[in-house]
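Peer 1: If you want the building blocks of each chain, they are given just below.
Protein chains: 2
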Amino acid sequence: MKIEVDFQPIGKHVKIDSGATILEAAQEAGVGISAICGGAGSCGACRVHLDDQEQVSKPNETETDVLDAEDLTEGIRLACQTKIYGDTRVEVPPESMTATQRTQVEGDEIDFEFEPPVEIKDLSLSKARSTDLQADFERLSAVVSENGRPAMQCRRLNIIKQIPGLLRQNKWKIRAGLRGDELVSVSAPGAPVLGLAVDIGTTKVAGYLVDMVSGTTLAMKGIMNPQIAYGEDVMARITYSTMHENGLNILQTAIVDALNELARDLCIAAGSNGEEETPDYQPSQIVESVMVGNTAMHHLLLGLPVEQLGLSPYVAAVTSPLDIKADEINLAFSAGATIHLLANIAGFVGADHLSMLLATNTHKKKGVVVSLDIGTNTEITLIANGRMISCSTASGPAFEGAHIRHGMRAAEGAIERVQIVDNKLAFQTIGNVAPIGLCGSGILDVIAQLKLCGAMNDKGALDEKHPLIRRGEKLLEALIATGEITGTDHDIVLSRGDINEVQMAKGAMRAGIELLLDAAGATAGDIDEFIIAGAFGSYISVEAAVAIGMFPDIPLDRFRQVGNAAGIGAKQALLSTTRRAEAAGIGKQVEYLELTVSEKFQEEFLKAMYM
Amino acid sequence: MKIEVDFQPIGKHVKIDSGATILEAAQEAGVGISAICGGAGSCGACRVHLDDQEQVSKPNETETDVLDAEDLTEGIRLACQTKIYGDTRVEVPPESMTATQRTQVEGDEIDFEFEPPVEIKDLSLSKARSTDLQADFERLSAVVSENGRPAMQCRRLNIIKQIPGLLRQNKWKIRAGLRGDELVSVSAPGAPVLGLAVDIGTTKVAGYLVDMVSGTTLAMKGIMNPQIAYGEDVMARITYSTMHENGLNILQTAIVDALNELARDLCIAAGSNGEEETPDYQPSQIVESVMVGNTAMHHLLLGLPVEQLGLSPYVAAVTSPLDIKADEINLAFSAGATIHLLANIAGFVGADHLSMLLATNTHKKKGVVVSLDIGTNTEITLIANGRMISCSTASGPAFEGAHIRHGMRAAEGAIERVQIVDNKLAFQTIGNVAPIGLCGSGILDVIAQLKLCGAMNDKGALDEKHPLIRRGEKLLEALIATGEITGTDHDIVLSRGDINEVQMAKGAMRAGIELLLDAAGATAGDIDEFIIAGAFGSYISVEAAVAIGMFPDIPLDRFRQVGNAAGIGAKQALLSTTRRAEAAGIGKQVEYLELTVSEKFQEEFLKAMYM
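Chains as they are written, first to last, in this note's numbering: chain A, 1 to 611; chain B, 1 to 611.
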């Protein structure tokens with residue numbers, strides 16, 4: 001008997017034989033669930049949530065060993081142990097997914113009201129005749145104003161141009177999109193009206209296509225930021241755009257082309273038939289978009305100069321929220337499509353961080369709350385004692401796998417989870433293929449495991465006598481995978497040098513947290529909630545991060561990993577004018593703490609290097 | 001002894017020997033003053049005005065014969081008779097200039113206050129530093145808002161892009177252009193800020209470059225409308241744009257390219273050195289422009305569809321005043337330059353007519369006033385009994401020389417003035433060269449003279465027995481110039497068929513006037529002022545027009561020929577927000593009378609065909 005399994009929030013379905021495990025169903029459906037131990041039930045990485053357990057096996061001994069009573073009560077099960085006997089819905093939390101599928105689009109959603117910035121109206125006009133010679137635009141305007149609206153404005157000739165044809169082709173009926181008093185779109189009655197939310201990361205770009213009539217999400221997709229070809233990190237891209245003739249234009253064109261392609265792909269994915277030739281949706285139906293990114297990504301998207309952003313004192317060209325028109329940057333959306341850009345907080349605390357604060361409702365929290373986004377720069381915001389203060393710390397690219405001997409990005413073949421199983425370092429790779437290197441979460445796991453088993457001391461020094469440690473060419477190192485396992489002639493190791501890179505990264509991050517707490521007159525112990533956003537941050541083991549002192553040692557249940565909150569925030573600002581106004585409020589309220597001018601920073605940084 | 005003569009308003013100067021006549025000085029300066037009789041003093045066409053007559057000869061017998069006492073008291077003299085003995089300023093009224101120089105740029109100016117829509121501010125900002133990290137745009141905005149202005153908006157990224165560079169290159173000083181709360185331009189402190197007014201006629205285009213800081217006119221120039229290559233008149237162009245793939249785009253590109261070139265030429269002409277390579281002014285300094293044209297020219301400039309404008313009921317796509325951005329139609333002005341388009345009144349009464357009503361202050365007149373623009377369509381507005389009513393009559397192209405056997409446009413070699421001198425038809429050509437054909441004013445003069453000397457009756461029939469009339473190949477005709485004079489083997493004649501074309505044209509015009517009077521409950525005798533605008537209308541002999549019944553038979557001093565009032569109105573709307581608001585008011589107030597649905601029109605038209 002075939003039964004149907006529905007994986008959420010990723011939205012994939014599969015029909016499978018009754019009696020299969022959830023993990024098997026997931027593999028069949030192409031849903032990447034973590035399984036470090038290979039399905040033995042020992043790693044506990046494949047935790048999933050079931051609302052309804054009537055059609056599945058009862059928890060077995062392995063599960064009752066690994067999961068605590070509270071987990072079981074809440075409906076948490078191990079995917080590798082649970083067998084399914086009837087149609088079942090499985091919720092896969094972000095931390096249980098492999099990196100490729102957590103990618104960068106999912107995030108915790110919160111409830112908010114659908115209050116779109118563009119109001120859609122299907123209107124019926126009287127036909128022009130010799131005795132009623134009103135011009136087409138004014139004829140439409142008159143009907144719009146009938147309900148006491150102010151006189152209609154229009155900022156794009158390309159909209160006005162469409163009106164005569166649409167009216168005469170559709171028997172004087174027309175669908176109009178109104179953004180306040182501005183006419184931003186016209187189309188045939190009943191035609192789709194779309195919105196697009198985008199989080200433009202330095203590495204990855206996440207897009208969400210929504211129906212602006214119903215507010216439903218039609219499709220989501222993550223792609224790489226093609227600007228990587230011109231520089232891995234923000235500083236490299238600023239340098240490129242400054243040093244190369246036409247460099248700024250090249251970088252802008254790269255991201256704009258990618259966004260146009262993303263919009264096309266999302267429209268095809270959202271269509272009922274998924275056919276490229278006869279799409280149900282088209283990018284030219286997108287009337288509103290919200291885009292967020294760090295300040296450099298924001299400037300490069302808009303073609304704003306970045307030279308001054310790369311030189312002390314690192315000043316942005318503009319930080320306020322902006323409404324621009326899609327055609328100003330060659331986005332092939334509807335003629336009057338507005339691109340709303342949330343406010344940047346400072347040169348190195350961008351709109352993506354603000355969007356994350358919005359999505360997590362950080363600005364509404366009582367008590368002491370830390371919200372952070374981990375990246376080459378880690379942006380941190382603290383709420384405490386009525387203040388909201390942000391800073392940016394140069395945490396470096398260690399967690400992106402750079403400057404680490406066998407480091408790599410979170411891609412297929414990356415070791416993403418490491419755990420000591422039977423006194424050996426067991427691991428799981430993205431895609432369950434032979435290991436190629438270590439991605440950030442794997443690196444963090446290794447170091448935490450080395451610390452916990454006593455192979456590494458609090459200065460980061462490795463113990464040569466420990467069975468997991470060996471002497472490499474120059475430095476001591478921990479062996480993670482032998483050449484035999486990798487299928488190449490080299491082992492995968494983590495060396496003392498690599499550990500030093502991580503110490504710098506986590507030291508900067510922790511020092512930033514401490515300086516914010518100090519500025520607000522609070523201490524780590526006061527923290528009520530610690531929110532971690534972003535692809536990397538959502539996937540790391542919080543225990544590991546606490547173990548090495550990257551995060552303060554507070555109860556684990558105060559941490560919350562929220563996935564791509566920046567993307568979710570963008571989507572909320574797209575669908576709700578109230579949420580958008582809140583975002584603007586955060587931009588005005590938040591204070592910025594410049595760490596480079598703080599004498600205390602160096603001191604805290606050195607202290608925070610300790611594991 | 002050399003003396004200097006200053007010709008106004010054309011703005012040309014010349015040094016000439018003392019004792020020369022004003023006509024000789026004008027010929028030396030290249031100022032085309034009419035002289036039908038060749039300087040004999042008999043035609044009275046070379047009337048000029050002198051404010052100060054101290055340095056010129058006293059009126060001679062010829063002048064006292066031709067001019068009346070009132071003329072002489074007001075300072076009117078004949079250019080061919082008046083000798084100059086010292087530096088003198090000569091005002092040449094439009095009706096005394098040859099067609100090429102009256103062209104299409106001059107017009108009567110009226111006083112109004114300089115209240116530009118863009119306010120120019122030279123600002124000094126504090127430098128960004130680590131302890132003052134405000135972004136550049138917000139830093140500028142803060143200084144602008146210091147004087148209680150609302151928060152500054154900006155609608156063009158291309159403006160924001162310039163701010164970081166300008167601030168750092170000019171020691172944090174900057175010149176900002178503010179249009180209400182919108183930042184529309186940034187430049188180095190003290191850089192020129194320009195405005196451009198344009199009247200886009202179906203045949204000719206007139207441009208005026210002004211300094212938006214002082215309000216002075218820097219240069220003016222007339223060019224041909226290059227769309228002529230795609231159709232001589234409005235209907236031909238509508239047909240072209242509808243029938244040819246990409247036709248609308250071709251017509252739009254033609255006029256836009258011409259306007260860009262006109263702007264460049266005006267900037268070069270306005271510069272102190274007139275050098276193309278190092279211009280003092282550049283089109284990229286134009287921040288505001290007002291453009292007027294008939295409804296079809298308006299639509300073709302903006303790329304708006306014109307198909308519905310060419311089909312009954314002839315409906316415009318839009319009639320309201322519009323603010324668009326120059327880059328929307330590829331005008332290479334400043335990044336945020338606004339193009340303001342005055343309102344159209346109806347499909348065949350365009351913004352150029354509204355602009356003419358503004359320039360002549362028609363809307364402020366008391367009593368009964370007729371204002372009209374003669375062209376292929378003649379637009380007429382009547383003020384009477386508290387109403388302002390407009391109509392358009394299809395007067396046809398006869399006055400542009402079309403459908404007339406030896407007709408031609410007002411270009412070099414065109415016979416522009418005809419008068420019976422010594423029982424013969426004497427004439428003057430544009431440029432004083434051998435005659436090629438007859439332009440509109442010449443045609444009108446011939447017919448009026450034929451009527452006055454009895455060679456033509458009130459039905460337009462020619463009298464074969466009259467010495468000026470001969471039998472042509474098919475029809476009777478009046479000989480104007482023999483082949484000997486033209487230097488070719490053909491004579492220039494005006495035939496009975498040509499007269500019929502003029503009867504249709506003037507009949508339509510007069511019928512329009514009568515229908516407006518009827519609609520407002522007035523009669524021709526009530527008319528207090530009769531304003532005639534446009535190149536052709538300003539140059540015709542009003543006596544001739546009255547003689548053939550084109551205009552009602554009212555005292556000649558009630559007629560006023562105002563030159564290119566449409567262009568002057570555009571310039572006023574460019575320089576004065578009050579004038580611009582008045583223009584919008586006219587657009588709202590004016591009623592449109594559709595003649596094609598009037599039963600009375602045909603009746604009046606037939607009646608008005610009589611000479």
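If you're looking for bench data, these hints aren't it; they were derived computationally from the structure.
Some hints here could point you the wrong way.
Copies of one chain are not kept apart here, so a pair can be met inside one copy or by any two copies together.
Claimed, not checked - Heads up, simulated DSSO-like pairs for lysine-lysine below, C-alpha to C-alpha not over 30 Å straight-line:
hint: 1; residue 1: Lys58; residue 2: Lys171
hint: 2; residue 1: Lys121; residue 2: Lys83
hint: 3; residue 1: Lys127; residue 2: Lys588
hint: 4; residue 1: Lys121; residue 2: Lys364
hint: 5; residue 1: Lys474; residue 2: Lys173
hint: 6; residue 1: Lys58; residue 2: Lys127
hint: 7; residue 1: Lys127; residue 2: Lys459
hint: 8; residue 1: Lys424; residue 2: Lys459
hint: 9; residue 1: Lys173; residue 2: Lys588
hint: 10; residue 1: Lys366; residue 2: Lys2
hint: 11; residue 1: Lys121; residue 2: Lys2
hint: 12; residue 1: Lys365; residue 2: Lys173
hint: 13; residue 1: Lys127; residue 2: Lys366
hint: 14; residue 1: Lys15; residue 2: Lys173
hint: 15; residue 1: Lys424; residue 2: Lys15
hint: 16; residue 1: Lys465; residue 2: Lys588
hint: 17; residue 1: Lys474; residue 2: Lys451
hint: 18; residue 1: Lys364; residue 2: Lys15
hint: 19; residue 1: Lys83; residue 2: Lys2
hint: 20; residue 1: Lys588; residue 2: Lys365
hint: 21; residue 1: Lys459; residue 2: Lys161
hint: 22; residue 1: Lys171; residue 2: Lys15
hint: 23; residue 1: Lys15; residue 2: Lys221
Peer 1: Now, for every hint given, state plainly whether the structure supports it.
Peer 2: Comparing the hints with the structure gives:
In this homomeric assembly, Lys58 and Lys171 never come within 30 Å of each other (Cα to Cα): the closest approach is 63 Å inside a single copy and 75 Å across copies. For a Cα distance limit of 30 Å, the shortest separation of Lys121 from Lys83 qualifies neither inside one copy, at 50 Å, nor across copies, at 74 Å. Taking the shortest Cα distances, Lys127 and Lys588 sit within 30 Å of each other only across copies (22 Å), while inside one copy they are farther apart (49 Å). Taking the shortest Cα distances, Lys121 and Lys364 never come within 30 Å of each other, neither inside one copy (34 Å) nor across copies (41 Å).
Neither within a single protomer nor between protomers do Lys474 and Lys173 lie at most 30 Å apart by alpha-carbon distance, with minima of 77 Å and 57 Å respectively. In this assembly of identical chains, the alpha carbons of Lys58 and Lys127 never lie at most 30 Å apart, being 69 Å within a copy and 69 Å across copies at closest. Neither within a single protomer nor between protomers do Lys127 and Lys459 lie at most 30 Å apart by alpha-carbon distance, with minima of 82 Å and 43 Å respectively. For the identical chains of this complex, Lys424 and Lys459 are intra-copy neighbours only, at 23 Å inside a copy versus 117 Å across copies, given an alpha-carbon limit of 30 Å.
Taking the shortest Cα distances, Lys173 and Lys588 sit within 30 Å of each other only across copies (26 Å), while inside one copy they are farther apart (43 Å). Taking CA atoms no more than 30 Å apart as the test, Lys366 paired with Lys2 passes in neither setting, with 49 Å inside one copy and 91 Å between copies. Taking the shortest Cα distances, Lys121 and Lys2 never come within 30 Å of each other, neither inside one copy (46 Å) nor across copies (76 Å). Taking the closest pair of Cα atoms, Lys365 and Lys173 never come within 30 Å of each other, the shortest separation being 48 Å inside a single copy and 42 Å across copies.
For the homomeric pair Lys127 and Lys366, neither the shortest alpha-carbon distance inside one copy (58 Å) nor that between copies (37 Å) is at most 30 Å. Within a single copy, Lys15 and Lys173 get their C-alpha atoms no closer than 45 Å, and across copies no closer than 69 Å, so neither meets the 30 Å cut-off. Taking identical chains as interchangeable, the C-alpha atoms of Lys424 and Lys15 are never at most 30 Å apart, the minima being 37 Å within one chain and 105 Å between chains. Proximity of Lys465 to Lys588 under the C-alpha cut-off of 30 Å is found in neither arrangement, the shortest distances being 55 Å within a copy and 93 Å between copies.
Proximity of Lys474 and Lys451 under a CA criterion of 30 Å is satisfied intra-copy only: 21 Å inside one chain copy versus 115 Å between copies. In this homomeric assembly, Lys364 and Lys15 never come within 30 Å of each other (Cα to Cα): the closest approach is 43 Å inside a single copy and 81 Å across copies. Taking the shortest alpha-carbon separations for Lys83 and Lys2, only the intra-copy value of 13 Å comes in at or below 30 Å, while the best inter-copy value is 113 Å. In this assembly of identical chains, the alpha carbons of Lys588 and Lys365 lie at most 30 Å apart only when taken from the same copy (17 Å versus 54 Å across copies).
Taking the shortest Cα distances, Lys459 and Lys161 never come within 30 Å of each other, neither inside one copy (69 Å) nor across copies (48 Å). In this homomeric assembly, Lys171 and Lys15 never come within 30 Å of each other (Cα to Cα): the closest approach is 47 Å inside a single copy and 69 Å across copies. Only within a single protomer do Lys15 and Lys221 lie at most 30 Å apart by alpha-carbon distance; the minimum there is 24 Å, versus 77 Å between protomers.
In this structure, the earlier hints numbered 1, 2, 4, 5, 6, 7, 10, 11, 12, 13, 14, 15, 16, 18, 21, 22 are contradicted, and the remaining ones agree with it.
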